[in-house]
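Keeping their order, the protein sequence lines are chains A, B, C, D and E. In this text, residue positions in the first sequence follow the working numbering: the first is 1, and each later residue adds one. In this text, residue positions in the second sequence follow the working numbering: the first is 1, and each later residue adds one. In this text, residue positions in the third sequence follow the working numbering: the first is 1, and each later residue adds one. In this text, residue positions in the fourth sequence follow the working numbering: the first is 1, and each later residue adds one. In this text, residue positions in the fifth sequence follow the working numbering: the first is 1, and each later residue adds one.
What the hints contain is simulated information worked out from the structure, not anything from laboratory work. Each hint should be verified, as a subset may be incorrect.
[As the list claims (entries may be wrong)] If we take Cβ atoms under 10 Å as the criterion, some of the chain C residues that face chain D in the derived model are:
no.: 1; residue: 11
no.: 2; residue: 12
no.: 3; residue: 15
no.: 4; residue: 31
no.: 5; residue: 61
no.: 6; residue: 94
no.: 7; residue: 135
no.: 8; residue: 137
Just so it is clear, CB atoms sit at the ideal spot from N, CA and C, and this is done for glycine as well.
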Amino acid sequence: MLRLQNIHTYYGNIQALKDVTIDIEEGEIVTLIGANGAGKTTTLMSICGITPPRKGEIAFKGSHIHKLKPEEIVKLGICQVPEGRRIFPDMTIVENLEMGAFLRNDKAAIKSDLDMVFDLFPILEQRRSQLGGTLSGGEQQMLAISRALMARPRLLLLDEPSLGLAPLIIQQIFEIIKKINKENGTTIFLVEQNANQALKLADRGYVMENGRITLVDKASDLLANDEVRKAYLGL
Amino acid sequence: MKNLKQSLAVSLWFIFLTFPLMVVKVNTTDNIVQWRWMNMLWVGLAIFALSFLWRYALARKEARQMAAMSGEDEHGKPSKMQRLFEDPAVRTKMLFGIMAFALVFPWVFDTYQSTIMISALIYVVLGLGLNITVGLAGLLDLGYVAFFAVGAYAYALLNHHFGLGFWICLPLGAVIGGIFGVILGFPILRLRGDYLAIVTLGFGMIVKVVLENWSDFSFGPSGIAQIDRPGLFGMEMNIAASTTYIYYIMIALVILTIIVTGRLKNSRIGRAWIALREDEIACVAMGIDMARTKLSAYALGACWAGMVGVMFAAKTTFINPASFTFMESAIILSIVVLGGMGSILGVILGALILILMPEYLRAFSEYRMLIFGAAMVLMMIFRPQGIISNIRQKYELKGLKEKSENV
Amino acid sequence: MEYFIELFLSGLTRGSIYALIALGYTMVYGIIQLINFAHGEIYMIGAFVAYIVCGVLTIYGFHGVSILIIAGLLAIVYSCAYGYTLEKVAYRPLRGAPRLSPLISAIGMSIFLQNYVLLAQTSDFLPFPSLIPDFEFMEPIAHIIGSAELVILITTFVTMIMLLC
Amino acid sequence: MLIKYTKIGKAMRATQQDMSMARLVGVNVDRVISMTFIIGSALAAIGGVLVASYIGQVNFYIGFLAGVKAFTAAVLGGIGSVPGAVLGGLVLGLTESFAAGYISSDYEDVFAFGLLVLILILRPSGILGRATKQKV
Amino acid sequence: MSDADKQVLLEVKGLTMDFGGLRAVDTIDLSISEGEIAALIGPNGAGKTTFFNCVTGIYKPTGGDILIHPQDKPTQRINGKKPNIITELGMARTFQNIRLFSDMTVLENVMIGRHCRTKTGLTGAILRGASVRKEEQQIVEFSYHLLEKVGLTEFADEFSKNLPYGAQRRLEIARAMATEPFLLLLDEPAAGMNPQETADLVALILRIRSEETIAILLIEHDMKLVMNLSDTIHVMEYGKKIATGTPQQIKDNPKVIEAYLGEEADA
């Protein structure tokens, strides 16, 4: 479904991604794990067109997308829940969700999606006219995921959804991610530092170190792999 | 073909844009409408040509940036002209040539030319003064002319009321300018770049309004006349002689300014200014006192304006608030921007070009401000470092290098 | 007390105009953190276009409120066109440049536009026809607030409400 | 109404709050910026026509002072804040009017800028503005 | 030498920093002694950089004490002091996203660091007397020697923006060292470096410790580097300190493993 082929991405003159190749099949949950600063977020930003790769190709369902603008990529059905949630702080929950559906014009369907999202996260419905900036971290994460869902993505990119959240809430969020994958058939590409959780959830995993992919395997195998531990703790 | 179409579209758009202002002219007293269709043609043709140039320049800029990013180019390498200036032999020769020309100037040309040159030199000093504040320390000051006014009025009033002479007032003007700089500088220390710009603009306007309206103090809009020219041991001088005399004083002042600003730029203080311009947070983290550094840059810039204000009053012998409008500040700023922020040589060239060109090219003078404005925009887009970018001093390292190699 | 009310109302009128123009500054600043120094010139161009349109229409025999409406609409169209072009030419190429650069570019643009109008038209003060008639019902309070002031207040408030609420 | 309910209004607010996130939900930021300039210019034009017909004259220079004053108003209210601009404008207008009426009309501009400097010193973010935290 | 002999240089007690409702740093205790290399680690958003910003005066902490005990000088409490004062007192830092003076040469960048240790004033700079020239020469020499130390002399006259990435990081360290600190705070010095650059960095830090009497506190994500280099490691999570110890102790600490890898697998 999505194929990153030998991409190289730079920030100014710093090379953040080196020869990264990733494949994601339809319906999968794929996770990309690695320590801080390994280049995971940059990978997502490259997919979304915010920091386009300087070399290499990205193809979505067979067509190249690495030269498209971010909004065109969103239109194709690739949505990101960025690191740190990035809720619009001065907009209400409903407005944030409407922003998620920004490129859609089918009012009735948006309305029903809104209900779908509220079913998924009832707490958001209770606070529907509260400003995004006043929500707690966990609620913001739920809102961020919901906002991305409002675009009816075919591929959902999640950047560290567990960041800064309490274990119980992480559990909850991960269950929802699974549910989205199962029930909507949405393909999910999950970037995580929290390797154990992510690998338990995913079908396959990539390990990134210093801008390179160092390991690719079935998630269950990676979970048992000592190399993963090494990538994190430098043992 | 695509380019052609694009340019055509752009020129049509500009024809539409400029239509009411360029083509139509109404005279409401005689009820006549003047249709200037020729203008429309000119606009169309000019924009058509310009749009090609514009695209070409933008593409080149982008290519340069890309090259700079992959690190394989000469960004940062000085231009030909710059390398020429840096060659010490050429430099000394040129310096002598310029000095000689400057010294014989009033004897070769007539008084009128000298007067023009004096005002150009005044702008050189103003430019160099503002260069401290804007170019080196990065504090955008849009009310710089206020300090110029302070200096001019200080001399005019002291001369009028107390008969104080030029030579006493020259340093006094600098001091008063500097004091004003500190007074105005204090409250705005905490402000960021763009706020600073607007507050200084406000200060500039306040000074002008006060000068216009506080008649008891400043004689209002009618200004002060019959200000003494500078004296030379009580000698009586005719206009021509005194112009020549002022010219030489101005040359001396310019040299003084160049030396002082040059030394400051390459001193501990100058480095602190530049560091402040580059990154405030890193700057304080390196142990530099931000308040003191900003204030010194602001006050020192004001100092020069105050001093040369005295000169201005002495030269014209008549001043009124109309000489100190925002446009003056804008001209001085464009001198600094076009010349090259932070670059002393650039600012001098900038001042001479901007002030002398309209004097000698009459046709040009009408479009002076129009061109200044456009040039500021274009410079920022295509050559933000100005005509001559800031040359950093090379420090004497030879000895050090050898020493460390011998170890 | 009457003097106070008069000052209050004239202050309100003046203030509502400032607010109208200030909105342009604030919206641009909010999005790209740039002081659009040439915004005042856009305002001036609006007024100038209106003046020209009024002049032409008057000479060709139009009058009354129709002039005001046509002139107002054309002024808006042209101001928008100038604002749009201004951003494309002077600010867009500077996206991502150091903060001072677009600010200086904006100052340059302001000077340019001023002198462009000066050269294309004139430096004189031109008489602008007073298009707002004196309403009869205003007469009893005309010494406190004029018709023109009232129209300004109403127009600006309607505009702002349309925009904001 | 425009800012609160229309699509472009929402896009503008989103862009203002978080530009790259706005792009990630599909907002064309370039278009939003253009629209912002267009809307601002329309407002300025309305102001220009009204003032010109009120004062009864136009000149190439009228934009400068009006612009500086309006900017002062924007800063006064807290630049970037839309209600702030409205409040700032009204405060500035009233200040000028009362200062001119009760103190001296010659120094109108001095009061306006004095107020600006005062606000910037006491509360640099303006009346309704929010203090921004600089990221290190 | 036993640990007790070493003088404590920096002592942080109960440091707390709130942003609005968010507690970014929560009652942190930490101390650093002479000659020590300490590391502060933790997942993203744990509050490490905020801690740095509090200690170096860029933020004013909401609670707690930061005490410094410079050699031969009385103890001072530096909460909320201005950053430049703190640098003058002897603590210098580098930044997570490099903050060099990009339009100054490499040498000048280091010379800026000498600012607070020199004293030429305005008149001095204008008159440029003998003593001023001598001081200038000393600044140049001192800075040049620092460049030698970090291996950047070949770039001395380059603009710092034209340096390769790893060299920029080293230049930041040289610039901080020019202020003659007793404690150097490095914020992610190895971020974005390739393995070779990282190896050079490790060598550099070790050299600084052996040749100078500078203690080092670093924030770093490169665990290999942290484990190899540090005497002590402090681990932060959610603004709180969850562990302190030697690299070995930290490796085996289940709390740390949990913080990093997520909740431990059932093994």
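- Message: To test your reading of the hints: which numbers does this structure violate?
- Response: 5, 6, 7 and 8
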